[in-house]
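Visitor: Turn these sequences into a full structure, and let the hints steer you where they fit.
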Amino acid sequence: MSRHRQQINLGLSACMCVSLSAVAAEAPTVHVYNWYDYIGPTTLHDFKRDTGIEPVYDTFDSAEVLEGKLLTSRSGYDVVVASNFSLPTLIKAGALAPLPRAQMPDFKNMDTELLAKLANNDPGNQYAVPYLWGTNGIGYNIDKVRAALGDKAPVDSWDLVFNEENLAKLGQCGVAMLDSPSEMLPVALHYLGLPPNSTSPEDYKKAEALLLKLRPHIAYFNSSKFISDLANGNICVAVGWSGAMLEAKTNAEQAKNGVKIAYSLPKEGAPVWFDTLVLLKDAPHPEQGLAFIDYLMRPEVIAPVSDHLSYPNGNRSATPLVAESTRNNPAVYPSAEALATLFTLQPLPPAIERVRTRIWSKVKNGQ
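Sequential numbering of the sequence shown, starting at 0, is according to numbering that gives the first Met the number 0.
No wet-lab data here; the hints were simulated from the structure.
Careful, some of the hints might be misleading.
[To be verified] Listed next, with one range per pair, are the computed distances between beta-carbon atoms:
{"id": "1", "residue 1": "A26", "residue 2": "D281", "range": "18 to 24 Å"}
{"id": "2", "residue 1": "Q171", "residue 2": "T340", "range": "28 to 34 Å"}
{"id": "3", "residue 1": "K363", "residue 2": "S61", "range": "18 to 24 Å"}
{"id": "4", "residue 1": "R100", "residue 2": "K255", "range": "45 to 51 Å"}
{"id": "5", "residue 1": "T58", "residue 2": "A208", "range": "36 to 42 Å"}
{"id": "6", "residue 1": "H44", "residue 2": "T318", "range": "38 to 44 Å"}
{"id": "7", "residue 1": "E112", "residue 2": "G365", "range": "38 to 44 Å"}
[As the list claims (entries may be wrong)] For lysine to any residue, the following SDA-like pairs were computed, each having C-alpha atoms within a straight-line distance of at most 20 Å:
{"id": "8", "residue 1": "K255", "residue 2": "K266"}
{"id": "9", "residue 1": "K204", "residue 2": "K363"}
{"id": "10", "residue 1": "K91", "residue 2": "E352"}
{"id": "11", "residue 1": "K151", "residue 2": "E164"}
{"id": "12", "residue 1": "K204", "residue 2": "G365"}
{"id": "13", "residue 1": "K47", "residue 2": "P298"}
{"id": "14", "residue 1": "K361", "residue 2": "D178"}
{"id": "15", "residue 1": "K266", "residue 2": "R145"}
In this text, all values refer to a predicted model and were calculated from it rather than measured experimentally.
All C-beta atoms, glycine included, are put in the ideal place defined by N, C-alpha and C.
Guide: Next up, the structure:
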């Protein structure tokens with residue numbers, strides 16, 4: 000978030016200007032790098048009010064941009080919001096500082112079940128604190144899916160989109176999937192009963208065969224277009240992120256266009272992802288960085304962020320403070336039974352990443 004200095008009255012003396020600049024330079028600051036539009040509307044203002052620390056806030060719009068900045072040079076940031084998928088790469092590169100728990104009194108508020116899942120990407124939970132999280136599942140047009148498959152449509156199962164008979168019928172009203180091999184191929188593997196983070200080329204051949212069989216019934220692969228198309232009734236099913244599906248639902252309700260959207264977390268299990276707070280190893284203001292992380296671990300601070308963004312947070316103590324309509328929505332806060340079925344995604348060896356990229360190209364092209 001850019002800050003603008005007020006012009007200093009031209010009548011002030013030069014020495015006074017120097018003095019004012021010196022005072023401003025001594026004010027404590029923390030430099031934060033976060034996803035675009037991914038914090039509460041008053042969170043930064045409240046942090047400054049409560050701590051006296053000025054947040055200097057910048058945003059990015061892709062994980063590739065984030066990793067590129069952190070891995071190639073000194074970024075100048077203290078705290079970064081990094082996805083769990085990026086953590087192994089950043090840890091291996093030595094970009095992150097271990098978090099001193101003794102200086103983080105609010106770490107006790109973190110959900111231990113979520114920490115256990117996050118440990119798959121951050122062993123021992125040494126470097127990252129859960130900020131917001133979500134799942135990958137199925138968004139669908141209630142009326143159009145019922146018209147295509149009847150009242151017993153398996154909307155609670157991956158069978159809805161990976162069973163060819165079902166998908167052929169749904170293809171008449173439009174099906175979209177994420178344009179992301181690192182997210183879609185693990186789901187296909189999981190559906191086939193194979194490890195979602197498999198390193199076996201043979202497993203990927205089976206996933207490729209499944210997706211090529213389904214390809215004629217998929218309208219497109221895109222990681223943003225499906226939100227508006229689902230909300231407008233241009234498609235009837237999409238595989239994507241929980242928050243995006245809730246956005247489509249909200250947009251349809253606000254438009255009063257008669258489109259009714261629901262989000263399903265398949266009963267077989269699905270990917271869970273975390274956006275985490277990390278402290279950079281070369282942070283210029285590590286003390287202020289820790290203060291910012293700990294501030295966001297306060298229940299009364301993070302609960303309004305969840306309300307604003309419709310994403311659950313990693314703070315168990317905050318749940319009672321989240322609006323009832325948010326915390327009681329299973330699309331936002333999955334039940335304990337559903338949570339137990341979720342799995343995290345992991346970076347794969349370069350050779351397997353190349354296999355995934357080749358397969359995805361073939362699937363998208365239908366060859």
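Visitor: Now look at each hint and say whether the structure bears it out.
Guide: Structure-based check of all given hints:
1. A26 - D281: 18 to 24 Å: holds, 21 Å
2. Q171 - T340: 28 to 34 Å: For T340 against Q171, whose Cβ atoms are near 30 Å apart, the range 28 to 34 Å holds.
3. K363 - S61: 18 to 24 Å: holds, 19 Å
4. R100 - K255: 45 to 51 Å: holds, 49 Å
5. T58 - A208: 36 to 42 Å: holds, 40 Å
6. H44 - T318: 38 to 44 Å: violated, 24 Å
7. E112 - G365: 38 to 44 Å: holds, 40 Å
8. K255 - K266: The hint is violated at about 31 Å.
9. K204 - K363: Answer holds: K204 to K363 is near 15 Å, not above 20 Å.
10. K91 - E352: holds, 18 Å
11. K151 - E164: Satisfied, since the Cα-Cα distance of roughly 14 Å is no more than 20 Å.
12. K204 - G365: Holds: K204 and G365 sit about 15 Å apart, inside 20 Å.
13. K47 - P298: holds, 17 Å
14. K361 - D178: holds, 13 Å
15. K266 - R145: holds, 19 Å
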